[in-house]
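Asker: Going down the list, the sequences are from chains A and B. Residue 2 is where the first sequence starts when you use my numbering, and the numbers rise one by one after that. Residue 39 is where the second sequence starts when you use my numbering, and the numbers rise one by one after that.
What the hints contain is simulated information worked out from the structure, not anything from laboratory work. For each residue, glycine too, the CB sits at the ideal point set by N, CA and C. Just so you know, nobody snuck in bad clues.
Listed next, the stretches of chain A that the computed footprint assigns to chain B, with coverage defined by at least 3 CB atoms under 8 Å from CB atoms of chain B: (1) 7 to 17; (2) 30 to 36.
Quick list of simulated restraints, FRET-style, between CB atoms: (3) A:K7 x B:L51: 34 to 42 Å; (4) A:D57 x B:Q45: 54 to 62 Å; (5) A:D57 x B:K160: 54 to 62 Å.
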Amino acid sequence: MREIIKMVVVLTILSTASGGLLAALRNSTQERIDLQVLQFVKGPAIKKILEGAANDPITDRFAIADGETQRSFFVGKFNGKANVVAFEDFGTGFGGNVGLMVAVDVDTDKVVGIAATTHNETPGFGASIETDKGFTGQFVGMPITSAPKVTKDGGKINALTGSTVTSRAACAAISKAGEAYQRLKPEIQKQLKTFSG
Amino acid sequence: MAKTIAQEFTKGLWNEIPPFRLVLGLCPTLAVTKSVEGGIGMGIATTFVLLFSNALISILRNIIPPKVRIACYIIVIATFVTVVELLMQAYTYAIFRQLGIFIPLIVVNCILLGRAEAFASKNKLLPSIADGLGMGIGFTLSLASLGAIREIFGYGTFYGMHVFGPSFEPFTFMVEAPGAFVCLGLMLCLMNLAGGK
Chain A
2 MREIIKMVVV LTILSTASGG LLAALRNSTQ ERIDLQVLQF VKGPAIKKIL
52 EGAANDPITD RFAIADGETQ RSFFVGKFNG KANVVAFEDF GTGFGGNVGL
102 MVAVDVDTDK VVGIAATTHN ETPGFGASIE TDKGFTGQFV GMPITSAPKV
152 TKDGGKINAL TGSTVTSRAA CAAISKAGEA YQRLKPEIQK QLKTFSG
Chain B
39 MAKTIAQEFT KGLWNEIPPF RLVLGLCPTL AVTKSVEGGI GMGIATTFVL
89 LFSNALISIL RNIIPPKVRI ACYIIVIATF VTVVELLMQA YTYAIFRQLG
139 IFIPLIVVNC ILLGRAEAFA SKNKLLPSIA DGLGMGIGFT LSLASLGAIR
189 EIFGYGTFYG MHVFGPSFEP FTFMVEAPGA FVCLGLMLCL MNLAGGK
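Using the sequences and the accompanying hints, generate a full structural model.
Answerer: Printed below as a string of structure tokens:
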């Protein structure tokens, strides 16, 4: 009996200490990790979809509180006007969340471009969402609020070969992005005015 | 019969160098040695975990109940692996991206559990630290040398710098999976020749 108690106590203390240490470390490194992700993962995605912008979308950014979370918006200036915002939303893919950076033209409410950011999809299948322009190109020009679907679900988007789940995740991310966009549009427009000129 | 601390340290560098003599930890050895940088990054991460898990397990060796010792070792090792993962994400994001899944997989690396079970759980703190450090550095050197050979022949570069000039035709077989096995086999063969076995 004493042995069992000892086992339970030792394991409990070890796990608790480990959990506490990791939580503290996670809290203290969170900010730096976000910065690194911004630079190495989101940065290239934003640059890809806002190609040709007159400004640097990574420095020209603002945040809006959406419920309990903060959303970051990256501003793209085209033809001398700050009229495009890029922001991220997530859909559930084959290996957890698939992050998608979506750029929207505020004047027309249409998608300018999308690019994958963080994901754990299978290399050679779902992971090709990063590079397959034929797939991501399908979303360009559609209204952001149109809630796209893959052809298997009765929509118009041709899924990535062998990766219906990933393609669904992309559609879900865009639908969610559309909802957030509708919700926050007045605020976005207000913020964009400060970048124009 | 007690060995000196210096002996505990140096045995990891030659007599019991992990991948070549003990033939342990082959998964990362084969997978991340496409380049010197990857090999060194993985080696340093493993050394860090090995050093701290050996030290902590040695301190706790009289407290940990024998029946749940493996569970306790895994908690300790997993904690330090997560620490490394967070720190690498925060400070060396480029290498973290390159190593990817192999950082969390250090948890199941046999070298760590092997050293914890065979050495740290039976020895005092200082020899355990020396053992962990020696094994870790031996592992790093092995990975770096394997990485160097594969990178030089596979890409014609060393740590990203060209060594043969632009006319070199890369021997791409070396950076593919079979190249890793062949290369490791040849290294083992040379080590055995040198060791006179």
